[in-house]
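K.L.:
Here is what each chain is made of, one letter per residue.
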Amino acid sequence: MSNAKLVQGDIACAMGAIDAGCRFFAGYPITPASDIAEEMSKLLPMVGGKFIQMEDEIASMAAIIGGSLAGAKSMTATSGPGFSLKQENLGFAIMAEIPTVVVNVQRGGPSTGLPTLPSQSDMMQARWGTHGDHEIIAIIPYTVEEVYYETIRAFNLAEMLRTPVILLMDEVIGHMSENFKRPDKSKIEIINRKFPTKTPEEYFPYDENEGLVPPLAPFGKGYRYHVTGLAHDKTGFPSTHEESVKRLMERMRDKILNNRAIIDKCDIRKEGNEEIGIFAYGSSARTSIEAIDNLKEKGIDVALMRPVTIWPFPKEQLLEFAKGLKKIVVPEMNFGQIVGEVKKYLSDDVEIIPLNKYTGRLITPEEIVDKILEG
Amino acid sequence: MKLEIRLCGFGGQGLILASKLLSQAAIIDGKIATQYQTYGAQVRGGTVKGDVVISDKRIDHPTVIKPDMLVIMSQDAYKKYGNFVKDDGIIITDPFYVKGIEREHIEVPFYETVKEELHSTLPLNMMIISFLAKYTNTVSEESIKKAVLEKIPPHTVEINTKALEIGAEFGEKFKK
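Residue numbers (this note's numbering), protein chains in the order written: chain D, 1 to 375; chain Z, 1 to 176.
The following block holds chain Z by itself, in its conformation from the complex (with noise of 0.2 Å):
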C-alpha cells in the first residue's frame, strides 16, 4: 500500500498543519509516512501545498510525485496544481473556493459546513483530514484526534473535535 495525498490551496488555511497532522496520525497507526510542503514568501495569501506519502513499507522518494488523493481549496491551487493527479487519482474541491473545473471531480461543501455547524471556518483543515482518513480508509480516526490533540491549544479541544466528527461523516458519505 502506498498513497500520495497533496492538499493544496492558500497559506492561511492551514493546509499545511493539516498534512502534517495526516501524517503523524498515519505512524501512531504504525505505517511509514512523509510529509513536505510548498509555499511562497508570503505568510498568507500565497498558493500553498502540503504532500503526504502513507505507506507499509520504506518511502524513498520523499515527496509527491503524483497524488492519488488531490484536494483542492482555491482556484490558483487549482490552476498550478490540478493537472498533476495520477490518472485514477481523485480530485475533491470545496466549490465555495473552486469553480470551473472539466474534469471529474468530488465537490465537498467543507468551508459552508463548518462555517455553519461551527460558527467559524478555522476548523476547516482538521474536517479534511478527517475526511480523508475515513475516505481513504488508511488513517485511523483514533490516531487522527490523538494526532490532532496532541497539537492543539485546550480551549480549542471542543471545536476542532466536532470539525473531526463532521469530517468522518462526510467521508463516510461520500465513499463510493
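Only chain D is shown next, with the shape it has when bound in the complex (with noise of 0.2 Å):
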C-alpha cells in the first residue's frame, strides 16, 4: 500500500496554487488547460478565495492584474491561443510590476491548432511574445509532483520579484496522471509579497531607494497611487524623462538579471565521462531519460541537462554541462527554438543536433537512441 494517488498534472498545479496562497483565478476555458480553471473553481471557495470564468482571455489577464493589486496572489491558465492574446496584459503586468502567474499548458499550433494535443512551441512566446524590452520568468516542469512544486516556485518568484511569472506545461504533462503525494504545508516554503513600511502618505509605488523590488500596497488599504503601462517615475505617474526611464527599464531587468541564484533551476545529470550530451525539458526530457537508459544498457554513456527555468536561459550552467561534451542533442516539440538558445552560446568544438517532431505527438526514447546511434 502507498499514500500517492493517481493525480493529474492540471490538478496537482492546481493544488500547488492552493497550497502557495493563490486566492484568486479568472480564466478562459480552453484544452488542455481547461481541468486547471475547472479545479480551482472547486477548491478557492473552500478556502475564501474567488473564482472568476471571464468573457474571454484578454480579460482573464486583466483581472488578475486586479485581483493580484487587491492584495490576492492570482493566476490564470491557458493554452497556445489564449496564450497569445494574454501577450498585451502580460506586458501591462511586467510594467507596472504586478505578481502575477501565467500558466501555458502548451499544444500544436499556430493559431487553433492541435487542441488535444501536445507541444513545446510556445517557448519563444513566453520569452519575446509581449512586445520591448523585458526579462521574464519561465518554467517547466516534467512531471506531476514538479508541476505542483514549480507552481508554488512560480507563486514565490512573482511575489518576491514583482513580476509575472510564466508556467509552462505541455498536452501530456497537463493531461497525464501519476503517483503524487501531496506533501504537508509545514514542508512548503511560502513566500509572500512586501507590505509597506512607509505610511499613505509618504508611500511611493516604485521607489527605487526601497531597492530593486519596492513594496507593493494593496489597493483598498488607504495607499492611492497610480498604475500605468506608461514608463512612469517612482510615484506611478507617466514620465519620458531620460535619466528616469532608464532607471526604470534597468531596475526592471536588473531584479531579475540579479537574482538569478534564487530564479535559475538546473537538473544536471553528469558523470564527467560522457562525451555525448541531451539538452530536453519538459516531456521531452521524459523521453530522453528513458534514451539515456537505453544508450547505457548499449555502453553509451550520455549526459542530461534539464532546465527547470528556462527562461532567463542558463547560460552559464549550459557552458559548464558542455565542457568535455563532443556533441549535445536538442529533443523538441518544435521546429527547434531553444535549440537556437543552445548554440547562441557554444562554440564550434560542440555538435548541436536538433531532434524535432512538430506533428503533436511525442518524441519517443528510439528516435532520440537512433540520433545519437547515427552520429
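Hints are computed from structural coordinates only; laboratory data are not their basis. Misleading hints may appear alongside valid ones.
[Stated by the list, open to error] Short, incomplete list of chain Z residues facing chain D, as computed with Cβ under 8 Å: (1) L17; (2) K20; (3) S23; (4) T34; (5) Y36; (6) Q37; (7) T38; (8) Y39; (9) T63; (10) L149.
[What the hints assert, rightly or not] Straight line, CA to CA, 16 Å or less: simulated EDC-like cross-link-like pairs of lysine to aspartate or glutamate: (11) Z/K66 <-> D/E208; (12) Z/K66 <-> D/E290; (13) D/K255 <-> D/E208.
On a predicted model such as this, the values are computed, not experimentally measured, just so you know. Just so you know, even glycine gets a beta-carbon here, dropped at the ideal spot from N, CA and C.
Could you use the hints to bring the two separately framed chains together as a complex?
P.N.:
So, in C-alpha cells, the structure goes:
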C-alpha cells in the first residue's frame, strides 16, 4: 500500500496554487488547461478565495492583474490561442510590476491547431510574446510532482520579485496522471510580497530607494497611487524623462538578472566521462531519460541537462555542462526553438544536433537513441 | 516489471475512466503508474484511447509506445490502433464491436455478458479493468475494488461490484 494517489498534471498545478496561497483565479476554458480552471473553481471557495470565468483570455489576464493589485495572489491558465491573447496585458503586468502567475499548457499550433495534442512550440512566445525589452521568468516542469512544486515556486518568485511568472507545461504533462503525494503544508516554503513600511502619505509604488523590488501596497488599504503601462517615475505617474526611464528599465531588468541565484534551477546528470549530452525540458526530458537508460545498456554514456527554469536562459550552466562534450542533442516538440539558444552560447567545438517533432506526438525514446547512434 | 496497456474504443464507453481506475489501483498496490488519454473534439462517438503504464520502477517516457495488452472496443479503434502492439503483445477484442481481425487475438464478449447478466451496458468498463487485473496478474482484485468504490456514486455500487466480479471470473477463465 502507498500513500500516493493518481493525480493529473493540471490538478497538481491547481493544488500547488492553492498551497502557495493563490486566492484569485480568472480564466477562460481552453483544452488542455481547462482542468486547472475547473479544479480552481472547486478549491478556491473552500479557502475563501474567488474564481471567475471571464468573457475571454484578454479579460482574464486583466482580472488577475486587478486581483493581485488588491492583494490576492492571482493566477490564470490557458493554452496557445489564449496565451497569444494574454500577451498585451502580460506586458502591462511586467511594466506595472504586478505579481501574477500565467500558466500555458502548450498544445499544437499555430491558431487553434491541435487542441488535444502536445507541443513545446510556445517556448519563444513565452520569452518574446509581449513587445518591448523585458526580462521574463518561465518555468517548465516535467512530472506531476514537479508541476505541484514549481507552481508554488512560480508564486514565490512572482511575489518576491513583483513580476509575472510563466509556468509552461505541455498537453501530456497537463493531461497525464501519475503517482503524487501532496506534502504536508509545513514542509512547503511560502514567500509573500513585502508590505510597505511607509505610511500612505510617504509611500511611492516604484521607489528605487526601496531596492530593486519596492513594496507593493494592496489597493483598499489606504494607499493611493497610479498604475500605468506607460513609462513612469517612482510615483507611478507617466514620465518620459530620460534618466527616469533609464532607471526604471534597468531596475526592472536587474531585479531579474541580479536574482538569478534564486530564479535559476537546472537538473544536470553528468558523471564526467560522457562525450554526448542531451539538452531537454518538459515531457521531452522524460523521453530523454529513458533513451539515456537504453543507451547505457548498449555501453554508451550520455549526460543530461534539464532546465527547470528556461527563462532567463541558463547560459552559465550550459557552458559548464558542455565541457568535455563533443555533441549535444536537443529534442524538442517544435521546429527547433531552444536549440537556437543552445547554439548561441556554445563554440563550434560542440556539435549541436536538433531533433524536432511537430506533429502533436511525443518524441519516442527510440528516436533519440537512433539520432545518437547515427552520429 | 513494466506493463503497457492500451484501451481503445469510442467516447462514451468509459475507457478513459477505466484507464484511470486501473492506474489508481496499481498505485494502491504500491506500484508506479502513469495514465494518459487521447480523444478528439467530440464528447461521444469519437475514437478514444486510454493508456496505462504500470511498473515497479520510476516511469520516464510518460505514455504507452507499443502496448503489451491492447483492448479494442470498436472497429474504428481497430483501424487506428490495431497494428500498434508489441510483437509478443496480446490483442483482446469484443466480438460485438470488432470484426474481421486477421492477426492472432482473444475474443472476450464483454458487451454481451454485461448486457445479459446485469441488464445494463454501463458497467462494461468495470468488467474490462477487472478482467485485465486478473488476466495480467499485475493489479490485485482488492485494489481494483477500492479504486472503483472511491470514484463511483453510492447507488451504482451493487451493479459495478457485480461487473468487477464477472470481469475477474472471465480473466481467470481466459488465462493461458
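K.L.:
Next step is simple, just say for each hint if it's right about the structure.
P.N.:
Tested hints:
1. Below 8 Å, beta-carbon pairs count as interface contacts, and Z/L17 has none with chain D, the closest being about 12 Å; its hint is therefore violated.
2. For Z/K20, the interface hint holds, the least distance from its beta-carbon to any beta-carbon of chain D being 6 Å, beneath 8 Å.
3. At its closest, the beta carbon of Z/S23 sits 5 Å from a beta carbon of chain D; the interface hint therefore holds under the 8 Å criterion.
4. A least Cβ separation of about 4 Å between Z/T34 and chain D falls short of the 8 Å threshold, and the interface hint therefore holds.
5. For Z/Y36, the shortest C-beta to C-beta distance to chain D is roughly 4 Å, which falls under 8 Å, so the interface hint holds.
6. Interface hint status for Z/Q37: upheld, as the beta-carbon distance to the closest one in chain D is roughly 7 Å, under 8 Å.
7. Contact between Z/T38 and chain D, as hinted, is supported at the beta carbon level, the nearest pair being about 7 Å apart and thus within 8 Å.
8. Look at Z/Y39: its Cβ gets to within about 6 Å of chain D, closer than 8 Å, so that hint holds up.
9. Interface restraint check for Z/T63: the shortest CB-CB distance to chain D comes to about 6 Å, inside 8 Å, so the restraint holds.
10. Here the hint on Z/L149 is broken, as its CB sits about 15 Å from the closest CB of chain D, past 8 Å.
11. For the hint linking Z/K66 to D/E208, the alpha-carbon distance of about 58 Å lies beyond 16 Å, and the restraint is violated.
12. For the proposed pair Z/K66 and D/E290, the alpha carbon gap of about 15 Å is at most 16 Å, so the pair holds.
13. A hinted pair counts as satisfied when its Cα atoms are at most 16 Å apart, and D/K255 with D/E208 qualifies at roughly 11 Å.
Taken one by one, the earlier hints fail for this structure at numbers 1, 10, 11, listed in ascending order.
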